[in-house]
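There are 2 protein chains.
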Amino acid sequence: MKKRFILLGLYSCFGFCQSTDEQQLKDIYQQALTNSECYSWLDHLTNTIGGRLTGSANAQKAVDYTQSELQKLGLDRVYLQEVMVPHWERGAKETAYIEISKKKISVPVCALGMSVATPEKGILAEVIEVHSIKELETLGTEKIKGKIVFFNRPMENALIEPMEAYRGAGDQRGSGPREASKYGAIGVIVRSLSLRLDDFPHTGATRYGDIPKTQYIPGAAISTKGAELLSKSLKVNPHLKFFLKQSCKKYEDVLSYNVIGEIKGTEHPEKIMVVGGHLDSWDLGTGAQDDGAGVVQSMEVLRLFKILNYKPKNTIRAVLFMNEENGVRGGNKYNEQAQANKENHIFALESDSGGFTPRGFTIDADDTSLAKIQGWKPLFEPYQLHLFMKGHSGSDVEPLKSDRIVKVGLKPDTQRYFDYHHAANDTFEAVNKRELELGAAAMASLMYLMDQYGID
Amino acid sequence: MKKRFILLGLYSCFGFCQSTDEQQLKDIYQQALTNSECYSWLDHLTNTIGGRLTGSANAQKAVDYTQSELQKLGLDRVYLQEVMVPHWERGAKETAYIEISKKKISVPVCALGMSVATPEKGILAEVIEVHSIKELETLGTEKIKGKIVFFNRPMENALIEPMEAYRGAGDQRGSGPREASKYGAIGVIVRSLSLRLDDFPHTGATRYGDIPKTQYIPGAAISTKGAELLSKSLKVNPHLKFFLKQSCKKYEDVLSYNVIGEIKGTEHPEKIMVVGGHLDSWDLGTGAQDDGAGVVQSMEVLRLFKILNYKPKNTIRAVLFMNEENGVRGGNKYNEQAQANKENHIFALESDSGGFTPRGFTIDADDTSLAKIQGWKPLFEPYQLHLFMKGHSGSDVEPLKSDRIVKVGLKPDTQRYFDYHHAANDTFEAVNKRELELGAAAMASLMYLMDQYGID
Numbered sequence: 024m025k026k027r028f029i030l031l032g033l034y035s036c037f038g039f040c041q042s043t044d045e046q047q048l049k050d051i052y053q054q055a056l057t058n059s060e061c062y063s064w065l066d067h068l069t070n071t072i073g074g075r076l077t078g079s080a081n082a083q084k085a086v087d088y089t090q091s092e093l094q095k096l097g098l099d100r101v102y103l104q105e106v107m108v109p110h111w112e113r114g115a116k117e118t119a120y121i122e123i124s125k126k127k128i129s130v131p132v133c134a135l136g137m138s139v140a141t142p143e144k145g146i147l148a149e150v151i152e153v154h155s156i157k158e159l160e161t162l163g164t165e166k167i168k169g170k171i172v173f174f175n176r177p178m179e180n181a182l183i184e185p186m187e188a189y190r191g192a193g194d195q196r197g198s199g200p201r202e203a204s205k206y207g208a209i210g211v212i213v214r215s216l217s218l219r220l221d222d223f224p225h226t227g228a229t230r231y232g233d234i235p236k237t238q239y240i241p242g243a244a245i246s247t248k249g250a251e252l253l254s255k256s257l258k259v260n261p262h263l264k265f266f267l268k269q270s271c272k273k274y275e276d277v278l279s280y281n282v283i284g285e286i287k288g289t290e291h292p293e294k295i296m297v298v299g300g301h302l303d304s305w306d307l308g309t310g311a312q313d314d315g316a317g318v319v320q321s322m323e324v325l326r327l328f329k330i331l332n333y334k335p336k337n338t339i340r341a342v343l344f345m346n347e348e349n350g351v352r353g354g355n356k357y358n359e360q361a362q363a364n365k366e367n368h369i370f371a372l373e374s375d376s377g378g379f380t381p382r383g384f385t386i387d388a389d390d391t392s393l394a395k396i397q398g399w400k401p402l403f404e405p406y407q408l409h410l411f412m413k414g415h416s417g418s419d420v421e422p423l424k425s426d427r428i429v430k431v432g433l434k435p436d437t438q439r440y441f442d443y444h445h446a447a448n449d450t451f452e453a454v455n456k457r458e459l460e461l462g463a464a465a466m467a468s469l470m471y472l473m474d475q476y477g478i479d
Numbered sequence: 024m025k026k027r028f029i030l031l032g033l034y035s036c037f038g039f040c041q042s043t044d045e046q047q048l049k050d051i052y053q054q055a056l057t058n059s060e061c062y063s064w065l066d067h068l069t070n071t072i073g074g075r076l077t078g079s080a081n082a083q084k085a086v087d088y089t090q091s092e093l094q095k096l097g098l099d100r101v102y103l104q105e106v107m108v109p110h111w112e113r114g115a116k117e118t119a120y121i122e123i124s125k126k127k128i129s130v131p132v133c134a135l136g137m138s139v140a141t142p143e144k145g146i147l148a149e150v151i152e153v154h155s156i157k158e159l160e161t162l163g164t165e166k167i168k169g170k171i172v173f174f175n176r177p178m179e180n181a182l183i184e185p186m187e188a189y190r191g192a193g194d195q196r197g198s199g200p201r202e203a204s205k206y207g208a209i210g211v212i213v214r215s216l217s218l219r220l221d222d223f224p225h226t227g228a229t230r231y232g233d234i235p236k237t238q239y240i241p242g243a244a245i246s247t248k249g250a251e252l253l254s255k256s257l258k259v260n261p262h263l264k265f266f267l268k269q270s271c272k273k274y275e276d277v278l279s280y281n282v283i284g285e286i287k288g289t290e291h292p293e294k295i296m297v298v299g300g301h302l303d304s305w306d307l308g309t310g311a312q313d314d315g316a317g318v319v320q321s322m323e324v325l326r327l328f329k330i331l332n333y334k335p336k337n338t339i340r341a342v343l344f345m346n347e348e349n350g351v352r353g354g355n356k357y358n359e360q361a362q363a364n365k366e367n368h369i370f371a372l373e374s375d376s377g378g379f380t381p382r383g384f385t386i387d388a389d390d391t392s393l394a395k396i397q398g399w400k401p402l403f404e405p406y407q408l409h410l411f412m413k414g415h416s417g418s419d420v421e422p423l424k425s426d427r428i429v430k431v432g433l434k435p436d437t438q439r440y441f442d443y444h445h446a447a448n449d450t451f452e453a454v455n456k457r458e459l460e461l462g463a464a465a466m467a468s469l470m471y472l473m474d475q476y477g478i479d
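Sequence lines, in order, name chains R and U. Note that the first sequence covers residues 24 to 479 in my numbering. Note that the second sequence covers residues 24 to 479 in my numbering.
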């Protein structure tokens with residue numbers, strides 16, 4: 024460290040101090056790639072604990088485990104933040120089949136998160152295939168009433184950014200059941216949000232919004248191969264029937280927690296910088312890419328600062344948010360408390376796009392701060408991060424309000440992210456140790472630079 | 024296409040024609056991501072045919088299959104180029120164990136490619152652990168004679184570029200048995216060239232060079248976990264013994280082929296541009312990342328040009344090289360024939376670093392050509408390719424000599440490449456369809472630009 028301070032005197036610092044910062048990033052990467060804990064934390068979160076659905080016993084185990092691991096890092100403070108969260112359970116495994124003149128062909132489905140159950144004996148009805156919510160209006164009640172609406176608009180393969188393809192198709196899952204209900208549908212089947220053709224159904228939250236509870240209809244996702252089969256079958260047999268049975272249920276809200284670890288700032292303890300991911304996951308897999316990766320990377324950032332003996336100017340918090348998947352209650356609660364305590368947040372970084380090789384950052388900031396961060400690109404060049412663009416940060420930090428705050432999302436390679444997203448194969452094996460570590464190092468590097476030169 | 028030619032008139036072309044080329048790349052990517060064949064070709068090469076060790080029946084099947092698939096593309100010419108290749112076989116599965124006071128602990132090993140067998144009953148000897156070939160000299164015959172030399176220098180995790188880490192450790196495998204033999208060792212165990220700790224031994228060629236055949240000693244790779252165990256055991260029991268049995272054998276050279284498909288140039292048919300990968304693979308897995316990916320991407324480049332009705336100015340050849348892994352006979356033969364036929368090669372592009380998300384290209388060219396290619400970066404920006412650096416092209420195109428030739432290697436993300444490289448898990452599942460297609464599109468885009476504006 025000494026050598027660095029000497030060098031500091033020789034260089035002027037415009038935006039960043041080349042040699043000091045280069046060395047600091049080198050140290051961060053060196054430690055992250057040779058001496059990390061994040062992969063073994065992820066192993067525990069996924070293989071020992073498992074899927075961490077909000078409100079579940081596993082989610083509580085994840086709270087306890089991460090709190091205890093943070094406590095081992097010698098931080099200034101580790102604490103829990105209470106938050107009431109939804110409690111939805113999938114119940115027994117769903118069943119579904121296509122029925123064509125008494126022949127039944129099973130297809131892989133799963134209930135959408137927060138969906139209601141079917142009646143106990145299931146629903147059996149004709150299917151109407153649509154490709155958009157708008158199409159419901161065109162078809163009208165006459166053609167929809169009593170049927171199962173099948174949303175089958177695929178994610179667009181031709182888009183280079185899978186995230187864009189996801190957002191382009193996501194309304195079918197989020198709003199499909201609510202909107203189809205308005206036209207008298209008795210259930211909804213949604214093509215899984217994935218760019219692959221395979222047998223995995225992908226869950227994810229649906230929102231009934233403000234329609235009366237009596238009008239809630241069950242929604243399920245069908246695997247992409249199942250969707251192709253159903254669509255082809257409908258072309259030949261437009262009057263085929265579809266059977267769906269699911270027994271998911273929403274219970275009373277329960278108490279849960281955001282887990283927070285903190286290093287106090289040496290110069291501006293009142294200025295707070297957040298790095299985070301979300302602790303909860305869907306229940307089909309074990310939430311490794313989404314978002315065990317982001318959780319352990321955030322913890323690793325604090326760990327790296329401790330082992331490098333880096334003493335931040337500002338207070339740095341790792342926040343492991345609860346309930347991103349079906350409510351964002353943790354993110355909202357964190358903001359509420361920040362307002363109540365009149366906390367001054369200057370920066371928030373979230374990792375919730377998977378643990379693949381990092382490619383850069385998406386930046387939600389005013390033009391001055393955006394330009395400042397983009398000015399650091401040369402420092403990231405040796406680590407092959409090139410994307411520093413305006414964009415969405417993360418669902419958990421998005422609610423965070425402050426006078427001036429920069430919010431950033433880690434941007435990993437996401438070409439295969441949606442192969443795993445919300446599905447049974449989102450397990451430990453899907454995450455590569457080096458890629459995970461490179462992400463943690465990129466995050467720590469950006470936190471360091473923001474701490475040194477961040478918004479004025 | 025018409026619209027494009029109109030636009031062409033409106034723009035001056037310095038280095039490239041922005042709107043025409045932007046549109047051409049867009050068309051290439053669109054087709055590659057929505058209408059490719061490469062993934063199903065790879066499925067056949069790996070799952071139906073399997074590992075394609077040079078000189079094996081499977082390698083011949085791969086020749087027949089790719090020739091027949093190329094013939095379906097409506098190219099101007101598809102042909103085979105004869106090449107005599109080595110024929111080495113692994114034989115029965117290898118066995119190895121650590122013996123500590125009569126207790127035997129099995130460890131995963133595999134013979135290095137081209138290695139000789141052990142005597143039929145195996146070898147059992149004390150082990151001497153080293154970390155470099157230089158260390159052999161320091162130790163000398165006295166300490167090495169009669170022992171098994173264990174090369175245990177890991178690939179360097181702290182390096183950002185796994186390829187660099189691979190090259191940094193590769194001499195142990197390539198030269199370890201040859202060099203250890205000079206000091207009287209009776210066998211060599213090499214730590215697998217992988218950045219992961221796991222149970223897969225990774226094979227790869229070793230070279231005895233010009234030492235007498237009577238001095239060839241057997242070489243095997245041990246899994247990284249096995250290497251850790253052996254190293255730890257040696258610290259406690261320096262006189263433990265290691266048992267190795269392998270029955271691999273080198274036979275007479277056999278006749279094999281490079282497979283070549285060609286689109287004749289419309290303006291300069293005498294100028295030749297090559298795109299290629301290698302058909303052969305190691306035998307433990309099914310050679311999906313190494314190098315089934317490169318083979319099917321090269322075929323896809325020609326297919327994309329055909330379906331886009333792109334008529335190249337120069338002659339474009341896909342060359343599927345035989346025997347990259349243990350001899351590079353295909354690459355050398357291709358060059359020999361090119362010289363004999365006085366062919367004028369202006370460009371060669373190889374994909375032999377895996378089928379992961381493409382990040383750019385490594386360029387082996389003079390400064391003028393390098394700068395020209397780097398000038399195309401803005402065209403690749405929308406496709407998230409950023410790395411355009413001087414570097415190695417590929418083992419098969421490296422031998423190719425011509426008056427002026429630019430040689431390039433596709434540079435994919437390689438963070439997880441060495442998890443699979445030369446090991447039993449290099450199978451179809453390791454390759455993601457989109458990532459493979461993005462690589463093919465990047466290759467086709469560069470071929471297009473080189474064809475339009477290439478050297479001079």
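Rather than coming from a laboratory, the hints here were simulated on the basis of the structure. Accuracy of the hints is not assured; some may be wrong.
Given that identical chains are not distinguished, each listed pair holds provided it fits within a single copy or across any two copies.
[Claimed, not checked] Under the rule of at most 25 Å between Cα atoms (straight-line distance), these lysine to aspartate or glutamate pairs were calculated in the DMTMM-like manner:
#1 Lys248 with Glu452
#2 Lys329 with Glu179
#3 Lys49 with Glu184
#4 Lys255 with Asp99
#5 Lys365 with Glu105
#6 Lys116 with Glu251
#7 Lys400 with Glu184
#8 Lys157 with Glu187
#9 Lys258 with Glu143
#10 Lys248 with Glu458
#11 Lys170 with Glu359
#12 Lys400 with Glu187
#13 Lys116 with Glu275
#14 Lys170 with Glu293
These are the hints, each one checked on the structure:
no.: 1; hint: Lys248 with Glu452; result: both (23 Å within a copy, 17 Å between copies)
no.: 2; hint: Lys329 with Glu179; result: between (43 Å within a copy, 24 Å between copies)
no.: 3; hint: Lys49 with Glu184; result: between (29 Å within a copy, 14 Å between copies)
no.: 4; hint: Lys255 with Asp99; result: neither (60 Å within a copy, 37 Å between copies)
no.: 5; hint: Lys365 with Glu105; result: within (18 Å within a copy, 78 Å between copies)
no.: 6; hint: Lys116 with Glu251; result: within (22 Å within a copy, 43 Å between copies)
no.: 7; hint: Lys400 with Glu184; result: both (21 Å within a copy, 18 Å between copies)
no.: 8; hint: Lys157 with Glu187; result: within (20 Å within a copy, 53 Å between copies)
no.: 9; hint: Lys258 with Glu143; result: neither (30 Å within a copy, 64 Å between copies)
no.: 10; hint: Lys248 with Glu458; result: between (30 Å within a copy, 20 Å between copies)
no.: 11; hint: Lys170 with Glu359; result: neither (42 Å within a copy, 69 Å between copies)
no.: 12; hint: Lys400 with Glu187; result: both (24 Å within a copy, 23 Å between copies)
no.: 13; hint: Lys116 with Glu275; result: within (22 Å within a copy, 59 Å between copies)
no.: 14; hint: Lys170 with Glu293; result: neither (57 Å within a copy, 64 Å between copies)
Hint compliance for this structure: hints 4, 9, 11 and 14 are not met, and every other hint is.
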